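Position chain B against the provided structure of chain A, taking the given hints into account.
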Amino acid sequence: MNKEILQLIYLVGSISFMIGLKMLSKPDTARKGNLIAAFGMTIAILGTIFLYEGIKISNYGWIFGGLIIGTLLGTLSAKKVKMTKMPEMVSLFNGMGGACAMLISAVEFTHLTHNHEIGALPKGHLLIIMLGLIIGSISFVGSLVAWGKLSGHLGDKTLKLQQVVNIGLLLLILGITCYTIMVGPPETITYFYAIWGLSVLYGILFVMPIGGADMPVVISLLNSFTGVAAAMGGFLYDNKVMLVGGILVGSAGTLLTLVMCKAMNRSLTNVLIGNFGGGGGNGESTTSLSGGHVREINVGDTAILLKYANNVIIVPGYGLAVAQAQHVCHELEEILEKEGVGVKYAIHPVAGRMPGHMNVLLAESNVSYDKLIEMEHINPEFSTTDVVLVVGANDVVNPAAKTDPSSPIYGMPILDVENAKNIIVMKRSMKAGYAGIENELFFQPKTSMLFGDAKGTLTKLVSEIKAL
Amino acid sequence: MLEFINSNIQIIYLVILMIFVGVELIEKVPSVLHTPLMSGANAIHGVVIIGAIIIMGQAESTFAIILGFISVILGTLNVVGGFVVTDRMLEMFKKKK
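Residue numbers (our numbering), protein chains in the order written: chain A, 1 to 468; chain B, 469 to 565.
With the rest of the complex left out, here is chain A:
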C-alpha cells in the first residue's frame, strides 16, 4: 500500500516540476511556478522518508538532522546574499547538488562490490554509477571553480596546450571507465577511485581557462550536468521523480545554455575554448583609437541636459551593480519624470554578469517592470532620443561589434546608443570593459564622458537637478 501511495506522490511531484518550469518562463507566473516546484519537491522528500521501503526508523535522526542543517544553512545564505552576488550563490548550490550525486555513486559502488564478486558486477548498474560519479564530480568541482572566479578568488589561467590536455584527460576517463565495465579487472576498486580523482581534475581544468565574463554560460551548462547526474540516480533506484526532474533540467538547461550563447552571438564551442576573457591573439586590436579626443562633461552640465530633454534612455551595466547605484538611479528616474521627461531603461540581454542581472537589480529598487525595455524593442527608439545615459556599461554599447571584424566582440548585437542626439557615458575611468577592448563610442563627437563612481555621481546629479 505504502509503495502505491509513494508512486502517486512521485507522479504529483513530477507534474509539479513540469508545470513549475513552464510557469517560470513567463514573468507574471514565474514566482508561483517556483513555489509549485518547491511544493512538489517537498512532498517527494517527505514521501520518500516515510513511505520508501527499507528506510530504517533508527536512521530517522540522521535524515532529519541532515535536512535541518541543510535547510538552516541554505535559507540563511540564500536570504543574506547580496543581489550582485546571486550568480555565485547559484553556482555554489549547483555544486552541492553535483557533490550529492557524486557521493551517492560512491556509496552505491561500495554496496555493489559488497554484494557481488569483483569481475561479476552487473554492467548496467556499474555504468550508471560511474556516469553519476563522473558527471557529479565535474559539476561539483567545476561549480566551485566558477564560484571562485565570480567572487574574484580565482583568475583566468590557461595552461599550454590546455585543450589538448583537456580532451586527452576526458578520453582517458572514458577509456578507463569502458575498460573497467567491459573487462571487470581485479583492480576495479582502484580504477573506480582513479576515475573519481581524474574527474575532479577534469572539472578544474574544464572551467579554469574560461573567461570570467562567460561564467554564466558555464554555470548554466554545469547546471544541466547536475541534472543528468541526478537522473542517473533515477536509473539506479528506478525512481521516476528523480528521472523526470533530472532529465528535465538536463535538457532545459542545455537549451538555456545555447540561448544564452545566442544572446551574445557566439557558439558554445567558442565560449568553451575561445579564451574570450584572455585577450590578445585576436588579430591587431584597434589601439589607434586611444589617441582620439575624449570630451569630458561635469555634473552641472549633465543635470541641465537631462532636465531639459524630452526623453532619456538609461543604459545600465555592471558598473551600476558594483556601485550598488540602483536605488539612486531610480530616484533620478523619478525626479526626471516629475519634470516631465520620459525615462526608459535599455536592457541588453547580457548586460552585467548574467542575463537578467539588470532587471533583477533595478526591480529591487522598485523600477516598474514596463520601463525596462529589451534590446530589440528599444533600438529603433534611440534615433528619437535626446539623451542616453550609459551607467557603467561598456561592451554592450561598443559599435566595434558592428563595424570591426577583427574585434573579439564582432557580431554581438549591441544597443545602438550612437543614434541618439547626446550620449553621456558614466564611467570610473577610461579602462576597457570586460572584453578588454577599446570603445570608439567614447571618442565620438556626440559623446561626453562623466567620470566617477556611479553611485556618487548619480547622487550628485539628483541633488543638482533638484537645485536647478
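Because the hints were derived from the structure by calculation, they are not lab data.
Just so you know, nobody snuck in bad clues.
Simulated pairs of lysine-lysine, DSBU-like, Cα-Cα distance not exceeding 30 Å:
| hint | chain 1 | residue 1 | chain 2 | residue 2 |
| --- | --- | --- | --- | --- |
| 1 | B | Lys496 | A | Lys402 |
| 2 | A | Lys455 | A | Lys79 |
| 3 | B | Lys496 | A | Lys82 |
| 4 | B | Lys496 | A | Lys32 |
| 5 | A | Lys431 | A | Lys402 |
| 6 | A | Lys26 | B | Lys496 |
| 7 | A | Lys431 | A | Lys157 |
| 8 | A | Lys344 | B | Lys496 |
| 9 | B | Lys496 | A | Lys371 |
| 10 | B | Lys496 | A | Lys240 |
| 11 | A | Lys344 | A | Lys262 |
| 12 | A | Lys371 | A | Lys446 |
| 13 | B | Lys496 | A | Lys22 |
| 14 | B | Lys496 | A | Lys85 |
| 15 | A | Lys262 | B | Lys496 |
| 16 | A | Lys446 | A | Lys460 |
| 17 | A | Lys3 | A | Lys240 |
| 18 | A | Lys32 | A | Lys85 |
| 19 | A | Lys455 | A | Lys80 |
Under 8 Å between C-beta atoms, here's a sample of chain B residues computed to sit facing chain A:
| hint | residue |
| --- | --- |
| 20 | His502 |
| 21 | Val515 |
| 22 | Gly519 |
A quick note: this is a predicted structure, and the numbers were derived from the prediction, not measured.
Cβ atoms here follow ideal geometry from the backbone N, Cα and C, with glycine treated the same way.
Just chain B now, kept in the frame of chain A:
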C-alpha cells in the same frame, strides 16, 4: 544490448519524452528570466536528495552513514537554497500598483 533496451524500455521512453518536454518548456523564454529560470532549474535537480535519503535510510556501515549524512546536507542545501534564491530574484518582479 537488445535485452538491455527491452528490459528498460519504459525508462527509455520516459527519458526521450522528458528531453522534448524540457526543450519545449523553455523555448520562448524572455532574456529577463534567464537567470531566475536557471536558478529554478538548479533547485529542481536538487531532487537528487531523494537518492541521498534512500542511502541514509538504509545505511548500516559507518562509511555509508557518514557519506549519506553529508549527501543529505548537500542535497538539502541545493534544494532549499535553490528555491529561496529563485524566490528572492522573482520577488523583485512584482508589479507596482
